[in-house]
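Visitor: Chain by chain, the residues:
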Amino acid sequence: MKAAAFRYHRADSLAEAGEMLTSLDNARLLSGGQSLMAMMNLRYVIVDHLIDLNPVSELAGISHHDDHFQVGAMTRQRCFLDDDAVAAHSPIFREALGYVGHLQTRNRGTVGGSLAHMDPAAELLGLAALTDADITLSGPNGSRQVAIAEFPQAYMTPDIKVDEILTAVRFNRWPAGHGWDFREFAQRHGDFAVVGVGCLLTLDAAGAIDRAAVVLIGVADGPLRLPAVEAMLLGMLPNADLFRAAGEAARHPEITGDALVTADYRRQLAAVMVRRSLTNAHQRAVQAMNQEHHHV
Amino acid sequence: MSEAEITRAITFTVNGAVTDMHVEERFSLADMLRHCLALTGTHLGCEHGVCGACTVLVDGEAIRSCLMLAVQVDGSDVTTIEGLADEDGRLNRLQQAFSDHHGLQCGFCTPGILMTLSAFLADNPAPDEGHLREALSGNICRCTGYQGIVDAVMDVVAAPAAKAGQ
Ligand SMILES: Cc1cc2nc3c(=O)[nH]c(=O)nc-3n(C[C@H](O)[C@H](O)[C@H](O)COP(=O)(O)OP(=O)(O)OC[C@H]3O[C@@H](n4cnc5c(N)ncnc54)[C@H](O)[C@@H]3O)c2cc1C
Ligand code: FES
Ligand code: FES
Numbered sequence: 000m001k002a003a004a005f006r007y008h009r010a011d012s013l014a015e016a017g018e019m020l021t022s023l024d025n026a027r028l029l030s031g032g033q034s035l036m037a038m039m040n041l042r043y044v045i046v047d048h049l050i051d052l053n054p055v056s057e058l059a060g061i062s063h064h065d066d067h068f069q070v071g072a073m074t075r076q077r078c079f080l081d082d083d084a085v086a087a088h089s090p091i092f093r094e095a096l097g098y099v100g101h102l103q104t105r106n107r108g109t110v111g112g113s114l115a116h117m118d119p120a121a122e123l124l125g126l127a128a129l130t131d132a133d134i135t136l137s138g139p140n141g142s143r144q145v146a147i148a149e150f151p152q153a154y155m156t157p158d159i160k161v162d163e164i165l166t167a168v169r170f171n172r173w174p175a176g177h178g179w180d181f182r183e184f185a186q187r188h189g190d191f192a193v194v195g196v197g198c199l200l201t202l203d204a205a206g207a208i209d210r211a212a213v214v215l216i217g218v219a220d221g222p223l224r225l226p227a228v229e230a231m232l233l234g235m236l237p238n239a240d241l242f243r244a245a246g247e248a249a250r251h252p253e254i255t256g257d258a259l260v261t262a263d264y265r266r267q268l269a270a271v272m273v274r275r276s277l278t279n280a281h282q283r284a285v286q287a288m289n290q291e292h293h294h295v
Numbered sequence: 000m001s002e003a004e005i006t007r008a009i010t011f012t013v014n015g016a017v018t019d020m021h022v023e024e025r026f027s028l029a030d031m032l033r034h035c036l037a038l039t040g041t042h043l044g045c046e047h048g049v050c051g052a053c054t055v056l057v058d059g060e061a062i063r064s065c066l067m068l069a070v071q072v073d074g075s076d077v078t079t080i081e082g083l084a085d086e087d088g089r090l091n092r093l094q095q096a097f098s099d100h101h102g103l104q105c106g107f108c109t110p111g112i113l114m115t116l117s118a119f120l121a122d123n124p125a126p127d128e129g130h131l132r133e134a135l136s137g138n139i140c141r142c143t144g145y146q147g148i149v150d151a152v153m154d155v156v157a158a159p160a161a162k163a164g165q
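Residue numbers (numbering that gives the first Met the number 0), protein chains in the order written: chain A, 0 to 295; chain B, 0 to 165.
Bear in mind the hints are in silico, worked out from the structure with no lab data behind them.
C-beta: ideal position from N, C-alpha, C; glycine also.
Incorrect hints may appear among the rest.
Listed below are several chain B residues computed to face chain A (Cβ distance under 10 Å; list not exhaustive) [what the hints assert, rightly or not]:
#, residue
1, 25
2, 54
3, 122
4, 133
So here's chain A without its partners, still in its complex pose (with noise of 0.2 Å):
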């Protein structure tokens, strides 16, 4: 189908952006479209006026700092995806992105419009989640910080006002030598998640776990974190046993069914991708750590 009509605005700057935003009436912004335009050719998502990100350069980049990494709001997938910096200081970022469509949609599709949109799969708000991110907001009375946990407020729905725009956000790096691991099962590659599971985790100097992120993404509303898991492994040294325990931790009440699989079904892949990622995880800190023996 095609869009019903609308009028196009390009913003050259994120100061006209939000000078239309507040002035036009049912507005919408527009960054890669690779969501708002699939909603808009189906009529699900009728709009007056469109503003147009993708003029504004200084809502795109990625800045590295040392125990995080700012992320500009037009940043697009593909970018990220290939940015060696962070594959070299937070290696799951490319992991999971390579997971977020397909590479035609990554080479439009932006980080902010997927935090915006909110889809409750979207690999980008497991991994902000599991890095405890915090988003920028900009309106017409300045800007905020709103944190990841705070951000979802009802099924794709943000904490984003209606005059608002999301800038950047700021993902927290984990130190060298922690164990991540990414995985999803979806019916095809590309599709929109199942159940996806992110993870990361430190040892100590005898193996114990000292810090535990875990996250499902697809299975509600927002990414759920799961601390119940992640306390059940502190302090833990690792090994089969323990993981199959945290698998069945996995089994939150919060994970719901869908018209084409039930929750229990989604409990069921949790607890076996938990165990599985968990125990990928661990092997990569393992290896991390005696690469940094082998140095010193």
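Got chain A; can you put chain B with the ligands on it based on the hints?
Guide: Relative to chain A, chain B with the ligands alone:
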């Protein structure tokens, strides 16, 4: 909102030719290529980003032309399926390999697949089969089962350019 045509002036290059036009703001890039320029080799299957039939290159990158607005290619370089063969209509290596390996049957998906692969092979001249199949995941073909397509690409990747006359 009135349905009156509201147009914008744009200038861009398509298959090497500089083009100026006034285009309706609501037109997708695909509709503009097909209806204003009669470049009907770009196919529309789903119009919501899933099938890949509409894939074209914008500044060398494969994109969905059903999800990009025509006004957004102002200043860009667009390549469509019509731009792959040379001026005499001689197929390029990839197109010829598709013909040789039965990489197409009805041909509906073929323009999008060729454009996707043109960009992919430019970035990855020697992919393995797994990597290639992943790159193809954004294009749906209901006829071939993909095997002929994969065979065609692996042949192009394996054959030295000279052998194929280029
Ligand atoms: C075939 C296909 C498969 C896909 N598979 C996946 C997948 O597996 N995983 C996944 O995560 N995504 C997937 N996507 C979606 C894709 O990642 C989109 O790029 C993403 O959801 C939206 O980003 P965008 O830049 O395209 O935003 P747009 O489509 O332009 O915008 C999306 C929404 O966010 C709003 N918005 C955009 N930018 C801002 C901003 N800066 N501030 C405030 N609001 C804003 C828009 O107004 C709109 O409501 C897929 C898409 C397609 C077509
Ligand atoms: S028509 Fe564009 S992806 Fe199907
Ligand atoms: S050849 Fe018919 S859809 Fe691919």
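Visitor: Against each hint, give a clear statement of whether it holds in the structure.
Guide: Hint check results:
1. 25: holds (5 Å)
2. 54: holds (6 Å)
3. 122: holds (9 Å)
4. 133: Check passed: Cβ of residue 133 of chain B comes within 6 Å of chain A, closer than 10 Å.
Checked against the numbered hints given earlier, the structure satisfies every one of them.
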